[in-house]
Amino acid sequence: MTSRDLILARIRAAVGDAPDVEIPRGYRGPGAESDGLIEHFAERVRDYRAVVHVVDAAEVAAAIGDALARREAGRVVVPAGFPAEWLAESVIEDLTTVDAVVTTCAVAIAETGTIVLDAGDGMGRRALTLVPDYHLCVVRADQVVPGVPDALTRLDPVRPLTWISGPSATSDIELNRVEGVHGPRTLEVIISI
Amino acid sequence: MSQTFVGMPSFPKNAAIAVQDSQLRFNLRKATRTIRGKRASVVEELPDWAELRQAGKAIKDHTLRNLERYLVQMEAAVSAAGGTVHWAKDAEEANRIVAGLVKATGETEVVKVKSMATQEIGLNEALAVEGVTAYETDLAELIVQLGDDWPSHILVPAIHRNRAEIREIFLAKMADVPADLTDEPKALADAARLHLRERFLRAKVAISGANFMIAETGTLVVLESEGNGRMCLTLPETLISVVGIEKLLPAWRDLEVFLQLLPRSSTGERMNPYTSMWTGAVEGQDFHLVLLDNGRTDVLADEVGRQALRCIRCSACLNVCPVYERAGGHAYGSVYPGPIGAILTPQLRGMDTALDRSLPFASSLCGACYDVCPVAIDIPSVLVDLRAKARHPRTERIGMAAAGWVFNRSVRLARAQRFGGRMRKLIPKRLPGPMSGWTDTRDLPDIPQESFRAWWDRTEGGAR
Numbered sequence: 001m002t003s004r005d006l007i008l009a010r011i012r013a014a015v016g017d018a019p020d021v022e023i024p025r026g027y028r029g030p031g032a033e034s035d036g037l038i039e040h041f042a043e044r045v046r047d048y049r050a051v052v053h054v055v056d057a058a059e060v061a062a063a064i065g066d067a068l069a070r071r072e073a074g075r076v077v078v079p080a081g082f083p084a085e086w087l088a089e090s091v092i093e094d095l096t097t098v099d100a101v102v103t104t105c106a107v108a109i110a111e112t113g114t115i116v117l118d119a120g121d122g123m124g125r126r127a128l129t130l131v132p133d134y135h136l137c138v139v140r141a142d143q144v145v146p147g148v149p150d151a152l153t154r155l156d157p158v159r160p161l162t163w164i165s166g167p168s169a170t171s172d173i174e175l176n177r178v179e180g181v182h183g184p185r186t187l188e189v190i191i192s193i
Numbered sequence: 001m002s003q004t005f006v007g008m009p010s011f012p013k014n015a016a017i018a019v020q021d022s023q024l025r026f027n028l029r030k031a032t033r034t035i036r037g038k039r040a041s042v043v044e045e046l047p048d049w050a051e052l053r054q055a056g057k058a059i060k061d062h063t064l065r066n067l068e069r070y071l072v073q074m075e076a077a078v079s080a081a082g083g084t085v086h087w088a089k090d091a092e093e094a095n096r097i098v099a100g101l102v103k104a105t106g107e108t109e110v111v112k113v114k115s116m117a118t119q120e121i122g123l124n125e126a127l128a129v130e131g132v133t134a135y136e137t138d139l140a141e142l143i144v145q146l147g148d149d150w151p152s153h154i155l156v157p158a159i160h161r162n163r164a165e166i167r168e169i170f171l172a173k174m175a176d177v178p179a180d181l182t183d184e185p186k187a188l189a190d191a192a193r194l195h196l197r198e199r200f201l202r203a204k205v206a207i208s209g210a211n212f213m214i215a216e217t218g219t220l221v222v223l224e225s226e227g228n229g230r231m232c233l234t235l236p237e238t239l240i241s242v243v244g245i246e247k248l249l250p251a252w253r254d255l256e257v258f259l260q261l262l263p264r265s266s267t268g269e270r271m272n273p274y275t276s277m278w279t280g281a282v283e284g285q286d287f288h289l290v291l292l293d294n295g296r297t298d299v300l301a302d303e304v305g306r307q308a309l310r311c312i313r314c315s316a317c318l319n320v321c322p323v324y325e326r327a328g329g330h331a332y333g334s335v336y337p338g339p340i341g342a343i344l345t346p347q348l349r350g351m352d353t354a355l356d357r358s359l360p361f362a363s364s365l366c367g368a369c370y371d372v373c374p375v376a377i378d379i380p381s382v383l384v385d386l387r388a389k390a391r392h393p394r395t396e397r398i399g400m401a402a403a404g405w406v407f408n409r410s411v412r413l414a415r416a417q418r419f420g421g422r423m424r425k426l427i428p429k430r431l432p433g434p435m436s437g438w439t440d441t442r443d444l445p446d447i448p449q450e451s452f453r454a455w456w457d458r459t460e461g462g463a464r
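Here the protein sequences come in this chain order: V and C.
Here UniProt numbering is used: the first residue of the first sequence is 1, the next is one more, and so on.
Here UniProt numbering is used: the first residue of the second sequence is 1, the next is one more, and so on.
Looking at chain V on its own, in the form it has when it is part of the complex (with noise of 0.2 Å):
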């Protein structure tokens, strides 16, 4: 007998003649009401110690420019799809030396302030968030919704996916929490609306 049909056994001797159950969802689901949204999303991602600006469409290419002369960022990713009307393109072989990434996101959740890259046009492979130690994300105003729920709405699971809430951090030094770690050390977000 192989191991998957021992454990299949296994499992079906345990609990064959238990009671399924109902699962109740009584919990706040998607599409949920949303006053406030932009400013409640930009209060949540402050909360993690990350910048965040919020500027009208129109002035996201300069924001953009500001932010990567204030880091003082001289070699720059940005990712394959990223809107030109808002940077250049570029392509830069070996991350390890490069100072900045610049992406855009999938989603963006207020109540938590994450915001969600899934690899698509403008985001890039996962790699590219990670190894530079500044991250500027561009967010903008229809991608971001009120919760958890919603956002999972608007993802797909086949895309890698990776969520973000602030600069990487630990909290393992006496259960405080440290901002820095193995990802970007700063996360800057501009939210277009």
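Treat the hints with care, since some could be wrong.
[Unchecked claim] For the chain C half of the interface with chain V, some residues (derived, Cβ under 8 Å), not all of them:
id: 1; residue: Glu51
id: 2; residue: Ala58
id: 3; residue: Arg253
id: 4; residue: Glu256
id: 5; residue: Arg397
id: 6; residue: Ile398
The hints are simulated quantities; they were obtained by calculation from the structure and are not laboratory data.
For every residue, glycine included, the Cβ atom is placed at its ideal position computed from N, Cα and C.
Could you slot chain C onto chain V? The hints should help.
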């Protein structure tokens, strides 16, 4: 389970030594207080926490009831997405599978994401025997590994160490450590970043666990904070994930419950910094999923105890437990310490050793663990059930049989009470010999001159 803890004495002996360590008690008190406060405030913030908790409990129970169907569905989905699925009935088989996969790549080093399942099966030790070095990359795991120490907490394995101790360990054991390292948490985190950077970039094989597996889509989910998880999950060419069979969730939408319950219960954050989700082999990686039983189907067969398999390893029960806060994690002699460990370890390992038999008693049954559990595991009830199943000392069994005989008839009880009342000056506070096990840890209450019933009969309920 891991061989590390084999031969440890029973919990009361370990705890008696641990509570003498004032540094340990100070570290634990400080850390658990911090995390309790953070958890309380982010749980308070959600108006539907109780509903999320009920849903979380029911989703897990439904999954366990239909585990066979969902495992087969998971296997098919991962295979369809280009991954390879392996089944391991026990620790030995899981270790053999992983070692074989690593050796097939020709590599002798692997990087690891913090994983309870691989600790449970003692994977690092098994790989070492095969000539493969496993490097832990989670900061707390690194502190434990460098300090040649044991983990003492599910989420923060080095919770028993304070910043000064961590600095000492880094200075002594970390090859490339800055000579002027301070004990500032920021400086310590930077040292770890520097130490592991090259290792991440050159690693060819990574080993992880997973917080959740989605049967419907074949997706694996890993929650983390530091980015070491993302490094391991994305950079190496080969990824091997060892996951307990109880980590399944039926559907993609079920994450809407667990991605709210877990971060708030474990680190006390609205969301952990990074969550990675992947389905099968992505971005050109070679992906292997090892489904691990290792005693879980035995737990599943126990009607009372099976609820322990709902556990999502958040460690909220450790942080509120008065026993854990004083005794620390090492006293439990298992990679699963605290209240959840006290019910999980004896069920996974059996109750053959003095240590495992003593674990169900490592609790005051105060119930704080049940209150905070995000999947409503009734830990006190399981503890009581396991206590009944544990083999008790002979003197205790005789004493209980005698007490049962007396309590079973009111006439006998009344006689015993009258006798006790008369002899009350002579009854010792502590019993000798094998009976001292009972009185050493209990205070004998003062015996009244007469029982309540005798008083009621004599005074007609206080009327006379």
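Hints versus structure:
no., hint, in the structure
1, Glu51, "4 Å, holds"
2, Ala58, "4 Å, holds"
3, Arg253, "6 Å, holds"
4, Glu256, "4 Å, holds"
5, Arg397, "30 Å, violated"
6, Ile398, "35 Å, violated"
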